[in-house]
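What follows is the residue order along each chain.
2 protein chains.
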Amino acid sequence: MKKVKATMQDIANQAGVSKTTVSMVLNNKDSSISDTTRKKILEIAEEMNYIPNSIARSLSTNKSGTIGIMVPDITNPFFSEIARAIEDAANKYDYNVIFCNLDNEIVKEDKYVKLLVSKLVDGVIFITGGNSDKSIDILKGNNVPFVFVDRYVKGYEQYYGVYSLNKEGMTEGIDYLYRNNKRKIVFVSGDPNLGVSKLRYEGYKEAMEKYGLYNEELIFEGDFSLDGGKKVTKDIIEQIKDFDAIFFSNDLMAIGGMKVLVKNGYRVPEDVGIIGFDNIQIAEMMEPGLTTIGQPIYDMGKEACELLIGFIHGEDNNEKIIRFKPKLIVRDSV
Amino acid sequence: MKKVKATMQDIANQAGVSKTTVSMVLNNKDSSISDTTRKKILEIAEEMNYIPNSIARSLSTNKSGTIGIMVPDITNPFFSEIARAIEDAANKYDYNVIFCNLDNEIVKEDKYVKLLVSKLVDGVIFITGGNSDKSIDILKGNNVPFVFVDRYVKGYEQYYGVYSLNKEGMTEGIDYLYRNNKRKIVFVSGDPNLGVSKLRYEGYKEAMEKYGLYNEELIFEGDFSLDGGKKVTKDIIEQIKDFDAIFFSNDLMAIGGMKVLVKNGYRVPEDVGIIGFDNIQIAEMMEPGLTTIGQPIYDMGKEACELLIGFIHGEDNNEKIIRFKPKLIVRDSV
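So the protein sequences, as listed, match chains W and U.
As numbered in my numbering, residues 13 to 346 make up the first sequence, in order.
As numbered in my numbering, residues 13 to 346 make up the second sequence, in order.
Bear in mind the hints are in silico, worked out from the structure with no lab data behind them.
Be aware that a few hints might be false.
[To be verified] List of simulated lysine-lysine pairs, DSBU-like, C-alpha gap at most 30 Å:
#1 146/U x 51/W
#2 123/W x 314/U
#3 166/U x 152/U
#4 120/W x 126/U
[What the hints assert, rightly or not] Here are the computed distance ranges between Cβ atoms for each label pair:
#5 311/W x 276/U: 27 to 35 Å
#6 336/W x 279/U: 34 to 42 Å
#7 167/U x 28/W: 27 to 35 Å
Backbone N, C-alpha and C fix where the C-beta goes; we use that ideal spot for every residue, glycine too.
Bound-form chain W, shown alone (with noise of 0.2 Å):
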């Protein structure tokens, strides 16, 4: 690392000009200079590799160009689906994108906040849920515009928002379960101080109530990921000797657990019928392929950046919440 970073006077020393000069032309404010002094600066900076220092210009603009994103686990693919949605849509409108993971752990939340505030980021996108109320106010408190994805926030659910309808997918998995003839049918929730999990849980009841179902001890709680869907399908074999259906909350969990069915002699869908919800792209390749609720995960992505572009651009016409209805995706696991 023995270079030296190139500053204006570099350039302007190479190219024989003032540093003003140089200045005008890396600043766009350059209509009284030449085509031939500008096209010159211009090449010489870009083969210094200058880089302007976007940092001291953003802190007299306030604009950055950049939105954060905060993505609870990025090794879930629902999760890094939706983020590449998002960068997709933003790089539409020539925006950058900074992902941070926050390993559902409100400490990181904290400090990711505080650091994409500072770097002065334009908006931040949050796909949180939990006991985000310190966050928010630090964004507030800051100006920093933001929306959320897939979970509600307790207080916030009026705020900016994308979301899939979870209580009517829950309805719509469990009916179709129950016109094949399962009737024990599990329920494996995720975090439950997540309001995802509570609208998610709130809907298997309704719906297995609406059918005479409802039995508490079929209900069980996981982590949303591939160890959290095995762990809880182990104590569900050990602690409940007569079911005929599992519904997980997430895809992930679905599959972690469909693995533990198979290496305890279960056959799916034949003794136990599994749904999923995401419809992350992995759970088409399943064997069998995995039934799940489906989220349009790349256009929440989408709609989600679109809305948060249009806030930092201040359009106030747009709809503030956006709710998708989720979608049965029927393949072999039922």
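Got chain W sorted already, so can you dock chain U onto it with the hints?
Structure of chain U alone, referenced to chain W:
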């Protein structure tokens, strides 16, 4: 968004002290200030969600406490699992991590390198491959330390980096297929412009030649994705009638490929043996479980992060290049 961002003056007014006193406390230069006053100022700053402008500070100290990671495709679990490991290690050393998704596009790479440099990150972890000369020049020209992971960059093979021994991994896989009586072994390469693709191809070629089995009609090419694996496997089925194994250059392709084979009436492993490369978490969940050449993904990310942080702190006693030997993970697909 009506609240106004809190300033040091606001804190001073609230605490009934001078702005200088507030500044001294917030910048840890408060040796002459009483504990009571210090505590009061910190409490008020916390209440007001005051965020020190770390940008202004990083302009003077040239340290941001942040590492940037350039990821080729955030939806590929190999990269999100590595990113997770890097983050765990970084957090231990009190560094924050920012992710940029390159989407395998050189244009984005260029843009994001500039973004990271202009945000004054302390270092960059680069999972690029291909033609990254320009990005590297920018990093060097701006004295930003960087480390490569997984993918070699031409001309920089001796630079700081963490890699797998790709050729050795391929040899181990071919030997295993041979021992399992596979003779017509198709090879699916990833993007041929990547050094890692070339090394895997060379490993395949040498091992096949050792057994007198090499035949260039068995060589195919695909994207490092589920769809890439599906597409290339359809081509293989159409173009070659006689094959008994497929060695895919990564697990995602192998997973996509297995699905296509099963749909077309092939039995895995009886008719066709399948090997992948990486050992992403989902590989174990497939039915049959995917046999693969396992890379120590978590350790690779961790070592890369520690290498970079040592580099940032000017430690020169470290090994510059760390190579891991991949390991055959036997499951049920061969």
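Requested in this report: Could you tell me which of the numbered hints above are not met by this structure, giving the numbers in increasing order?
Outcome: none
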